[in-house]
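Just so you know, the sequences run in chain order A and C. Plus 31 on top of the position in the first sequence (first one is 1) and you've got the working numbering. Plus 77 on top of the position in the second sequence (first one is 1) and you've got the working numbering.
Honestly, the hints are just simulated from the structure, not real lab data. No experiment lies behind these values; they were computed from the predicted model shown. Keep in mind that a hint or two might mislead.
What the hints assert, rightly or not - Listed below are several chain A residues computed to face chain C (Cβ distance under 7 angstroms; list not exhaustive):
hint : residue
1    : K167
2    : Q212
3    : G213
4    : R216
5    : R218
6    : R241
7    : S245
8    : S246
9    : A357
10   : E376
11   : F384
Even for Gly, the Cβ is constructed at its ideal location relative to N, Cα and C.
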Amino acid sequence: MTPDVSSLVESDRVAGTLYTDPDLFEREMDRIFHSTWVWVAHESEIAKPGDFRTAWVGRRPVIVSRDRRGGINVLLNRCRHRGASVCDVPKGNGNGFTCPYHAWSYALDGTLRGIPYPEGYEDVVEKKDLPLQRLKVASYAGMIFASFNDDIEPLEDFLGGARLWIDRFMKQGAGYPIKVQGEHRFRFNGNWKIQLENTTDWYHFPIVHRSWMSSVDAETASMLSIMTDETAVTHALGNGHSVSVSVAEHVDLDVDDGTEKLQDRFSHIVEELSKDLPPERVRRIVRSLHGAGFNLNLFPNVAMSMAFFRVLRPLSVAETEIRHVALGLEGGPEIVNRERLRIHEHFQGPFGFGSPDDAEAWNRVQRGVTGGTDMPILVNRGLGREKPNDLGQPTSHATDETGMREAYAMWKRMMTDGN
Amino acid sequence: MATDSLSTALADIGLSLDDPRAVAAVSLIWYEAHLLDARCYEDWDALWAEGGEYVVPIDRETTDFASRLNLVYDDDRMRRMRVERLTGGLSISAAAAARTVRSVSRFVVTGREQDAIEVCSAQVLVGYKREETFVLAADVTHRIVFGPGGPRISRKIVRLVNSEDTVTASGFLL
Numbered sequence: 032m033t034p035d036v037s038s039l040v041e042s043d044r045v046a047g048t049l050y051t052d053p054d055l056f057e058r059e060m061d062r063i064f065h066s067t068w069v070w071v072a073h074e075s076e077i078a079k080p081g082d083f084r085t086a087w088v089g090r091r092p093v094i095v096s097r098d099r100r101g102g103i104n105v106l107l108n109r110c111r112h113r114g115a116s117v118c119d120v121p122k123g124n125g126n127g128f129t130c131p132y133h134a135w136s137y138a139l140d141g142t143l144r145g146i147p148y149p150e151g152y153e154d155v156v157e158k159k160d161l162p163l164q165r166l167k168v169a170s171y172a173g174m175i176f177a178s179f180n181d182d183i184e185p186l187e188d189f190l191g192g193a194r195l196w197i198d199r200f201m202k203q204g205a206g207y208p209i210k211v212q213g214e215h216r217f218r219f220n221g222n223w224k225i226q227l228e229n230t231t232d233w234y235h236f237p238i239v240h241r242s243w244m245s246s247v248d249a250e251t252a253s254m255l256s257i258m259t260d261e262t263a264v265t266h267a268l269g270n271g272h273s274v275s276v277s278v279a280e281h282v283d284l285d286v287d288d289g290t291e292k293l294q295d296r297f298s299h300i301v302e303e304l305s306k307d308l309p310p311e312r313v314r315r316i317v318r319s320l321h322g323a324g325f326n327l328n329l330f331p332n333v334a335m336s337m338a339f340f341r342v343l344r345p346l347s348v349a350e351t352e353i354r355h356v357a358l359g360l361e362g363g364p365e366i367v368n369r370e371r372l373r374i375h376e377h378f379q380g381p382f383g384f385g386s387p388d389d390a391e392a393w394n395r396v397q398r399g400v401t402g403g404t405d406m407p408i409l410v411n412r413g414l415g416r417e418k419p420n421d422l423g424q425p426t427s428h429a430t431d432e433t434g435m436r437e438a439y440a441m442w443k444r445m446m447t448d449g450n
Numbered sequence: 078m079a080t081d082s083l084s085t086a087l088a089d090i091g092l093s094l095d096d097p098r099a100v101a102a103v104s105l106i107w108y109e110a111h112l113l114d115a116r117c118y119e120d121w122d123a124l125w126a127e128g129g130e131y132v133v134p135i136d137r138e139t140t141d142f143a144s145r146l147n148l149v150y151d152d153d154r155m156r157r158m159r160v161e162r163l164t165g166g167l168s169i170s171a172a173a174a175a176r177t178v179r180s181v182s183r184f185v186v187t188g189r190e191q192d193a194i195e196v197c198s199a200q201v202l203v204g205y206k207r208e209e210t211f212v213l214a215a216d217v218t219h220r221i222v223f224g225p226g227g228p229r230i231s232r233k234i235v236r237l238v239n240s241e242d243t244v245t246a247s248g249f250l251l
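Please construct the entire structure, taking both the sequences and the accompanying hints into account.
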């Protein structure tokens with residue numbers, strides 16, 4: 032039976048069944064993940080012709096490849112003959128993809144190039160009719176998105192108010208292009224939207240991450256003392272996207288009034304960089320070491336969170352895979368990229384000082400909600416103090432639930448209108 | 078025959094139980110596993126030599142851990158903070174840690190120095206948390222140094238079989 036989906040999301044609450052109903056999950060796959068723009072890779076991961084990596088759009092496996100002309104292709108990882116996956120490695124470089132079953136071979140852009148023993152296909156198959164299924168692809172600031180929906184709106188329109196923040200996020204390269212430096216992957220037993228909510232939820236941070244806060248230096252802990260910081264705000268950006276500012280002075284890393292003291296923890300990097308670079312360059316790079324001063328949540332599956340990407344992949348109604356993608360400076364100083372790796376390892380991943388505590392909290396949400404699906408999930412924090420900013424975007428404190436309300440408004444629209 | 082030559086061969090390429098340092102190293106590795114399963118992290122920390130390196134890499138092939146992203150890449154300071162995190166009472170995942178039982182076996186001595194020995198082994202860890210039982214398997218390399226205080230761990234590299242895939246772990250150490 033089709034649920035009355037519109038009744039499940041109100042402006043200040045959502046039904047508990049949003050985390051537990053398998054029918055809703057199926058509908059989400061069709062109406063959201065297989066219909067809208069879904070992030071699949073960063074351009075640095077397929078920098079050279081022949082580079083490829085595998086990814087997921089909803090539950091469908093895809094290959095993201097760079098062809099010989101430099102074009103980016105996103106292809107369903109499924110042979111047109113009898114359905115086997117044609118690429119079984121997470122990343123690599125090659126001339127194309129050959130099915131292991133009957134050796135049908137495809138070019139990097141998905142064109143069917145060769146069929147062994149073709150005599151049996153005379154007057155039966157035209158190769159040009161059977162390329163790998165190609166998804167619609169678009170890229171913004173190095174972020175590659177794909178969609179199964181050929182009629183989807185342009186990516187730039189979909190990103191809308193988020194584009195400004197993507198541009199700002201990339202400024203942490205301090206003049207160098209951003210590159211992927213590796214990733215942590217783990218799963219938790221919970222619905223994907225529990226994680227979706229988390230990126231702009233600074234309310235949980237000092238509670239769940241007390242052990243991480245106690246392990247970092249006082250300057251870093253102070254930088255993230257959000258609760259009492261009036262400059263820490265969340266904006267709803269439209270189309271389900273939102274941004275939470277945690278470090279206001281790092282929103283635009285090109286802007287520097289010179290009053291900020293560089294953290295003592297980076298003094299060895301300042302010393303090393305100063306051997307080759309002028310003080311203003313050193314300062315620009317070191318101020319960016321923690322990344323941008325905000326978490327940008329892009330509906331439905333990727334966040335650009337301070338210094339990393341957080342990518343979610345729904346596996347089932349109660350199981351989700353998370354990737355935390357570490358970022359560095361392409362061609363940048365090695366000491367800086369290594370420091371960024373150490374910062375990432377300190378918080379992220381299954382043995383980090385932060386991620387396991389997040390996963391524990393999300394797992395507890397799933398268990399609790401399953402025990403009382405008739406009770407709503409409250410996303411009403413800050414409703415009384417939410418006001419439009421000068422761009423008309425609903426804005427409240429970073430600990431408020433404005434970002435979640437924005438995501439659920441989009442969820443409701445897509446789940447009911449068939450967009 | 079062959080028993081003697083086999084013993085000689087084993088002594089050359091791997092573990093010889095006639096080698097007291099190898100036996101001491103294996104005993105230490107087993108004791109370490111016991112302490113980790115018992116979650117006696119402060120006692121575990123005391124097994125380490127100063128300047129110890131504790132790594133759970135993502136790339137199973139690399140030896141250049143510093144320039145790669147790892148799951149764990151600890152010097153003394155990070156390892157002690159990790160112990161503090163697991164014992165300090167502030168972490169909800171540590172409070173709800175999985176129960177673990179691990180076996181370490183398939184010992185092979187892969188390096189000998191004047192004051193140290195390198196031992197490779199297989200580790201199979203079975204964990205249990207909230208109605209789920211799971212397995213994590215890894216190739217492990219220990220470098221054990223022999224000083225005045227007895228054998229200590231100077232390096233431990235844990236190469237999980239699934240390190241490049243999803244790794245789900247909660248509140249325990251490998």
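* Quick one: which hint numbers does this structure break? Sort them smallest to largest. => 1
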